[in-house]
Amino acid sequence: MTDDSTSPRRSREDVHALVAAMAPRPPAEVTDDTELIADLAYDSLRLIELSIALERLFELSTLDESSVATVSTVGGVVALVSDHRGAA
Amino acid sequence: MEILVTGATGLVGAEVAARLVGASHRVRGLAHRADRVVRNDGRVLAESDHGPRLISGDVTRPRFGLAASEWAELATSVDRIVHCAAATDFGRPDALYEAVNVGGTRHALELAAESGAPLVHVSTAYVCGERSGVITETELDVGQRMGNAYESSKLRAETLVRKAAADGLPVAVVRPSIVVGASRTGVVREFKNIYVVLRLTTQGRVRSVPGHFDALLDLVPVDHVADVVAEAATRFADAEGRTLHATAGGLTLRELSDVLAEFPSFHVPRFVAPSAFDPARLPETERAYHTKVISLYESYFQRRPTFDRTATDEFLPGSRPVARPAFLRRLLGHALRAGYLGPPLVDVDQVLAGLGAAAAR
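The listed protein sequences derive, respectively, from chains A and B. Number 37 in numbering that gives the first Met the number 0 belongs to position 38 of the first sequence; there are no gaps in the numbering. Number 0 in numbering that gives the first Met the number 0 belongs to position 1 of the second sequence; there are no gaps in the numbering.
These aren't lab readings, by the way, just hints derived from the structure by calculation. Check each hint, because a few of them may be wrong.
If you want a taste of the chain A side facing chain B, the calculated C-beta under 10 Å gives, among others [to be verified]:
id : residue
1  : LEU17
2  : PRO23
3  : ALA27
4  : SER50
5  : ILE51
6  : LEU62
Ideal Cβ placement from N, Cα and C applies to all residues, glycine included.
Work out the full structure: start from the sequences and follow the hints.
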């Protein structure tokens with residue numbers, strides 16, 4: 000399970016679960032194409048809270064707010080996390 | 000008159016456009032993503048209904064990114080330019096403020112020079128930076144330290160406007176303080192900036208804030224700002240060469256705390272002397288909020304500026320909004336009714352605990 004948690008598939012699932020759990024409008028299902036603002040009702044502050052949760056869950060260094068603010072879909076969050084984990 | 004409003008879809012720009020349309024001027028609105036102009040109360044200003052004609056443009060680019068012919072047509076037809084476009088969110092990259100706030104102003108001044116149309120520039124009272132005490136409308140750069148990158152960019156922009164004025168361009172400057180909801184209803188179209196701090200504190204996410212109890216927060220209703228800007232554009236002869244503070248006078252943090260405490264559902268933040276405040280001692284999540292949000296606003300809870308309104312009171316007698324706790328109650332009441340300051344969503348710690356429990360199963 001520890002090995003598994005670092006695999007890309009596992010991170011994607013974790014990101015999906017986190018984005019869904021934080022969503023102001025909880026979704027029936029989340030895919031990479033789900034829109035954070037239009038579908039899940041995230042606003043700017045909730046996106047900041049999502050970035051805090053991502054940093055904590057994936058032990059990332061502080062995410063740049065501007066990069067979080069420009070992400071629009073769940074898939075974008077997955078990519079952001081894998082970029083930061085790759086960089087770490 | 001034909002009046003160009005940049006940033007016409009923004010909070011201030013839309014209200015300015017509405018006033019100019021209401022006074023039977025032909026308004027053209029420049030907007031980055033031009034779709035429609037929504038007033039502060041949610042009403043749409045439709046072009047079909049004598050509303051502003053929207054032009055899709057980008058203030059960060061020379062000629063607003065317009066085709067040469069479009070720019071030339073604009074330069075020959077506009078009688079006034081009202082420059083409202085700005086990046087006002089905090090915590091964005093310095094390059095964005097430079098491009099939008101400084102570059103945008105440079106391009107607006109170029110249009111003014113080319114068209115000969117007078118320009119009303121919307122600045123901010125906080126070009127005063129971290130100064131305290133009386134800030135006059137005539138002062139600009141006195142070597143003050145700036146509170147954040149947004150303020151620095153607005154100082155550079157207003158400096159460009161003053162230089163252009165010294166070179167003979169007809170300009171007027173309006174400096175709003177912190178723009179918030181309507182004076183009579185507290186209604187605001189979008190919750191940004193200071194509202195974010197109010198949400199984090201009243202929901203108990205952030206419990207301590209470095210600040211002085213006698214710091215002054217100058218919250219100005221959006222309708223007053225739009226009144227001053229629209230009047231400056233239409234009565235330009237009276238406004239020319241002036242800088243007008245569109246401000247309300249400050250509320251102290253003590254008054255803020257007292258009003259927050261009247262709302263049963265609100266948490267009231269503890270204001271801690273900045274010298275005794277150490278973010279390292281905050282709980283992990285609150286520390287993250289501090290770094291990402293509160294620190295951007297920190298200096299607003301420490302300064303004591305009093306904005307002198309002599310020129311504005313002369314220009315628009317009797318218009319001065321009153322910074323009373325009653326106004327703050329209306330702002331908070333609206334935010335509460337709109338759900339923005341309502342029951343908090345599940346917090347980061349609970350979400351992480353929930354995911355951890357799910358993973359352990």
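- Item | Supplied contact hint for A/LEU17, tested at 10 Å Cβ to chain B | Holds. Min distance 6 Å.
- Task: Against chain B, run the beta carbon of A/ALA27 and see if the smallest gap drops under 10 Å.
- Result: Violated. Min distance 17 Å.
- When the least beta-carbon distance from A/LEU62 to chain B is tested against 10 Å, hint result: With Cβ-Cβ at 9 Å, under 10 Å, it holds.
- Message: Under 10 Å is the threshold here; is the Cβ of A/ILE51 close enough to any Cβ of chain B for the hint to stand?
- Response: holds (4 Å)
- With a cut-off of 10 Å on the beta carbons, see whether A/SER50 makes it to chain B. Since the shortest Cβ distance to chain B is 7 Å, the answer is holds.
- Is the interface hint for A/PRO23 satisfied, with its Cβ closer than 10 Å to some Cβ of chain B? holds (6 Å)
Taken one by one, the earlier hints fail for this structure only at number 3.
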